[in-house]
Amino acid sequence: MSNLKDLKVRINSVKSTQKITSAMKMVAAAKLRRAQEGAEAARPFASRMERMVAAVGDSIAGIDGAPRMLVGTGKDDTHLIVACTADRGLCGGFNSSIAREVRKMALNLKRDGKTVKILCLGRKGKDNLKRDFASDIIDTIEGIGKRNIEYGEAIGVADSITQLFDDDGFDVCTIVFNRFQSAMTQITTAQQLIPFAVPEAKDESNGEAAPKAASEGPSPIFIFEPEEQDILSELLPRNIGVQIFQALLESAASEHGARMTSMDNATRNAGDMIDKLTLIFNRTRQAAITTELVEIVSGAEALK
Amino acid sequence: MSETTTTDRVEFELVSPQRLLRSEPVEMVVVPGAEGDFGVLPGHSLLIATVRPGVIDIHEGGQVKESIFVAGGFAEVSPERCTVLAEEAVPVGDIDKAAAETRLENAKAALAKAEADPDATTAALGRELKAAEAMVAAVARS
Chain A
107 MSNLKDLKVR
117 INSVKSTQKI
127 TSAMKMVAAA
137 KLRRAQEGAE
147 AARPFASRME
157 RMVAAVGDSI
167 AGIDGAPRML
177 VGTGKDDTHL
187 IVACTADRGL
197 CGGFNSSIAR
207 EVRKMALNLK
217 RDGKTVKILC
227 LGRKGKDNLK
237 RDFASDIIDT
247 IEGIGKRNIE
257 YGEAIGVADS
267 ITQLFDDDGF
277 DVCTIVFNRF
287 QSAMTQITTA
297 QQLIPFAVPE
307 AKDESNGEAA
317 PKAASEGPSP
327 IFIFEPEEQD
337 ILSELLPRNI
347 GVQIFQALLE
357 SAASEHGARM
367 TSMDNATRNA
377 GDMIDKLTLI
387 FNRTRQAAIT
397 TELVEIVSGA
407 EALK
Chain B
1392 MSETTTTDRV
1402 EFELVSPQRL
1412 LRSEPVEMVV
1422 VPGAEGDFGV
1432 LPGHSLLIAT
1442 VRPGVIDIHE
1452 GGQVKESIFV
1462 AGGFAEVSPE
1472 RCTVLAEEAV
1482 PVGDIDKAAA
1492 ETRLENAKAA
1502 LAKAEADPDA
1512 TTAALGRELK
1522 AAEAMVAAVA
1532 RS
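Protein chains in written order, with our numbering: chain A, 107 to 410; chain B, 1392 to 1533.
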């Protein structure tokens, strides 16, 4: 009865797979909660930083010699795409949706005759993109946020991007990451980092402050200490760090959410498969018993 | 700093990249600006300044109620509010003196090593050294 034994083995293997996927789901759910809290707690800093950049940027707008990081290099030839993925797989469409977006952007840019450079944050981005864009990937940074995402790591990434920008390595920098919406949905977002798109100097993030700001008149005049230029030259690289930090946090939360959902699906599929296999197993066993009985009965009949 | 403001307290916010650390009304707050310390009372004019590594003092009833060490950042001041964006912020009382001194030694060593190597960038290390120096000074002062 090798068939019965085969089925038993298969059922057991599916059962152990189910155990693994359900454990991964639990782990992802626990991590998701922490990552989500982290991403939400970091929002005040990013929104205030943005407000400050907008205020300084507003006052410097139109002045000659504004920092290149704010106004751009005046060219649009070389694009740097920062692809923000996970180091590990088994999280549904999380990594491939980033890869798809990057591929689409890169192909479009190339068709327009631009040069494309790709910086991968996370191993899976490189794995996915190296087949088509092996020569365009300038660097891969792995192991970010093994446990918690540190601000220092984001600053490190920002410093290397700034360095490259100062060396005229690119003109426009865009980061592609998954924005966390809920455990089920992640929105693949492309955000331009350099030149920094100054948002409207409005305050939507802080409801209580908005009416006060409005009463101060449309464009409040700030005192700057030191000069605007000096502040901007410190503020802009920091701001890139903060934007990257925020993207990494969002991406981490999305990753855990995506993994939780896909592992939940996998656990359910494994359950279905176990049910189906168990049914076949029982039928086969019953058939075997019936056959044996028939053999015994017909054997006894023959002896009469 | 006019006397005519309606409120006698200024909303002080201290934000680190990880989270909002403080958000409370205070009487006065003294921030270590890059070009000198400045005190913020209600009705301060609009100001944006860079912050050097140092200590933020929160004043209550004419006395320093609390001191918080920051390793540099930015400050935005409006008549009602004083927002400090700090990359690192620790209450002075929580700083471990030995750890701060070790950090200073490490920063000095790292900078010396980087200066010997012409290819290395020293900007970040210089910042770290200044922060560590200010941290040790903050402990010594209290």
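Derived from the structure by calculation, the hints contain no laboratory data. Any given hint could turn out to be false.
[Unchecked claim] Mimicking DSSO-like on lysine-lysine, the simulated pairs with C-alpha atoms at most 30 angstroms apart in a straight line are:
1. Lys181(A) - Lys216(A)
2. Lys252(A) - Lys137(A)
3. Lys1504(B) - Lys252(A)
4. Lys223(A) - Lys181(A)
5. Lys111(A) - Lys410(A)
6. Lys1499(B) - Lys252(A)
[Stated by the list, open to error] Anything over 12 angstroms on all C-beta distances counts as not near chain B; from chain A, calculated:
7. Lys114
8. Val120
9. Met132
10. Glu143
11. Lys252
12. Glu256
13. Ile261
14. Val278
15. Pro301
16. Glu331
17. Ser339
18. Arg344
19. Leu355
20. Asp370
From the three backbone atoms N, C-alpha and C, an ideal C-beta is built for every residue, glycine too.
Each hint, compared with the structure:
1. The hinted pair formed by lysine 181(A) and lysine 216(A) meets the criterion: a straight-line CA distance of about 16 angstroms does not exceed 30 angstroms.
2. Between lysine 252(A) and lysine 137(A) the alpha-carbon distance is near 11 angstroms, which keeps this suggested pair within the 30 angstroms criterion.
3. Simply put, lysine 1504(B) and lysine 252(A) have alpha-carbon atoms about 29 angstroms apart, close enough for the 30 angstroms limit, and the pair holds.
4. Among the hinted pairs, lysine 223(A) with lysine 181(A) is consistent with the structure: their alpha-carbon atoms are about 15 angstroms apart, no more than 30 angstroms.
5. Between the alpha carbons of lysine 111(A) and lysine 410(A) the distance comes to roughly 36 angstroms, so the proposed pair goes past 30 angstroms and is violated.
6. Between lysine 1499(B) and lysine 252(A) the alpha-carbon distance is near 29 angstroms, which keeps this suggested pair within the 30 angstroms criterion.
7. Lysine 114(A), annotated as away from the interface, keeps every beta carbon of chain B farther than 12 angstroms; the closest lies near 52 angstroms.
8. A cut-off of 12 angstroms between C-beta atoms confirms that valine 120(A) is not in contact with chain B; the least separation is 42 angstroms.
9. Look at methionine 132(A): its CB is around 26 angstroms from the nearest CB on chain B, clear of 12 angstroms, so calling it non-interface holds up.
10. Taking the minimum C-beta to C-beta distance to chain B, about 9 angstroms, the non-interface status of glutamate 143(A) is violated against the 12 angstroms cut.
11. Residue-level check passed: lysine 252(A) sits 17 angstroms from the nearest beta carbon of chain B, beyond 12 angstroms.
12. A Cβ of chain B approaches the Cβ of glutamate 256(A) within 12 angstroms, the least distance being about 9 angstroms, so the stated non-interface status is violated.
13. At the 12 angstroms boundary, the C-beta of isoleucine 261(A) falls inside the reach of chain B, the nearest C-beta of that chain being 8 angstroms off.
14. With 12 angstroms as the threshold on Cβ separation, the claim that valine 278(A) sits away from chain B holds: the shortest Cβ distance comes to roughly 24 angstroms.
15. Consistency note on proline 301(A): stated as away from chain B, and its beta-carbon is indeed over 12 angstroms from all of that chain's, at 20 angstroms minimum.
16. With 12 angstroms as the threshold on Cβ separation, the claim that glutamate 331(A) sits away from chain B is violated: the shortest Cβ distance comes to roughly 4 angstroms.
17. Taking the minimum C-beta to C-beta distance to chain B, about 10 angstroms, the non-interface status of serine 339(A) is violated against the 12 angstroms cut.
18. Not every Cβ of chain B is farther than 12 angstroms from the Cβ of arginine 344(A); the closest lies at roughly 8 angstroms, contradicting the non-interface assignment.
19. For leucine 355(A), the requirement that its beta carbon stay farther than 12 angstroms from each beta carbon of chain B is not met, with the minimum near 9 angstroms.
20. Every Cβ of chain B is farther than 12 angstroms from the Cβ of aspartate 370(A); the closest lies at roughly 29 angstroms, confirming the non-interface assignment.
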